[in-house]
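Just so you know, the sequences run in chain order A and B. In case it helps, the working numbering puts the first sequence at residues 1 to 65. In case it helps, the working numbering puts the second sequence at residues 1001 to 1255.
I should point out that these hints are in silico values taken from the structure, not numbers from a laboratory. Where hints are given, some of them may not hold.
Unchecked claim - Sample of chain A residues facing chain B (criterion: CB under 8 Å; computed from the structure):
{"id": "1", "residue": "V8"}
{"id": "2", "residue": "V13"}
{"id": "3", "residue": "P15"}
{"id": "4", "residue": "T24"}
{"id": "5", "residue": "L28"}
{"id": "6", "residue": "I42"}
{"id": "7", "residue": "Y48"}
{"id": "8", "residue": "M53"}
{"id": "9", "residue": "R57"}
{"id": "10", "residue": "H58"}
{"id": "11", "residue": "L59"}
{"id": "12", "residue": "G61"}
Unchecked claim - Covered stretches of chain B, going by a simulated chain A footprint (3 or more residues, C-beta under 8 Å):
{"id": "13", "segment": "1082 to 1093"}
{"id": "14", "segment": "1138 to 1145"}
Even glycine gets a Cβ: it sits at the ideal position worked out from N, Cα and C.
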Amino acid sequence: MPAPARSVAVPAVSPRLLAVALLTVGLLLVLAYLVAFDQGAISQSGMYMHELMHDGRHLLGVPCH
Amino acid sequence: MRTFGNLLVRGLIVGLFAGLLAGTFAYVMGEPHIDAAIAIEEAGGAAHTHGEEPAAQAPAAEEEEPLVSRNGQRFGLFLATSLYGVALGGIFAVGFALLRRRLRTPSDSYAALGLAAAGFVGIVLVPFLKYPPNPPAVGDPETITKRTITYLLTLVIGLLAVWAGVAASRWAQRFGDAPWIRPAGGGLAFVVTIVAAYLILPSINEVPGSFPATLLWQFRFASLGTQAVLWTLLGFGYAALMDRHSKVTKETVAA
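All chains should be modelled from the sequences, with the hints used to inform the complete structure.
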């Protein structure tokens, strides 16, 4: 669907914007992974970060042990 | 006109606040149930702990020498929900930037609320109904990989189902303009998608027969509530910022 003419607060989607957007989502998914699934591979803290965020992970609905 | 960076920063900030408040809700409504579940786990000879995971994992058995104390985990709850909120808020803002022009509303605030509702249904509600979250003391460590994959699948399917619903509701317009046609078409596509997915995906039930059903569901509703708080604040927070933006623009124009 082409964008109808009206005032919206966001820039039009260009290839460059799309690339930046996908890169941003990739980085943020790494952050979400750190909270939800990481067991030391990214945090490099052994299981410390995993255990620290244990209650949050359970209450955010992510499957855990 | 806002730049992409501006939209993103707002999403990250709103996400941080939403995550902190979701953490507060989880602390008040969820922690007592986690404590109760851990008490059952320890009383029952610890049917499973992180320490029993395959040898590659840290061999710290929780009840012997906890890597992180319970108080540490209560603090970690806020860290987890905040970081998760920042990540979700940022992804939400990117979604807003990319999809805004395809949403058929002149209001940026309604667009934000609609996207948040779609995200909550797709990312929270659809996975919840197929694989309701479990407190500690429930769940076989052996199946964590399978459970993680099926959980992520329900999340993707949830978003696809929402997309299918929106697409079908727009497509259904061609059959007339009776007020029921669009919701019926959209609802049908959404329901058919998730019912098919629910039937195909494996059922997982690892709740021990001895685990109290009341506690299980109290925990599950606390978890659902935590995510509802997160998404509600994300949607309304972002909507409020967008609304503020348009007011500023109008004033500028009027001046």
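Comparing the hints with the structure gives:
1. V8: holds (6 Å)
2. V13: With a closest approach of 6 Å, the A/V13 hint holds.
3. P15: violated (12 Å)
4. T24: Holds, about 6 Å.
5. L28: Check passed: Cβ of A/L28 comes within 4 Å of chain B, closer than 8 Å.
6. I42: With a closest approach of 12 Å, the A/I42 hint is violated.
7. Y48: The hint holds - A/Y48 has a Cβ within 8 Å of chain B, the shortest such distance being about 6 Å.
8. M53: holds (4 Å)
9. R57: holds (6 Å)
10. H58: Holds. Min distance 6 Å.
11. L59: holds (4 Å)
12. G61: It holds, given that the least Cβ distance between A/G61 and chain B is near 4 Å, below 8 Å.
13. 1082 to 1093: With 7 residues in contact (Cβ-Cβ under 8 Å with chain A), the coverage given for the segment 1082 to 1093 of chain B holds.
14. 1138 to 1145: holds (count 3)
In this structure, the earlier hints numbered 3 and 6 are contradicted, and the remaining ones agree with it.
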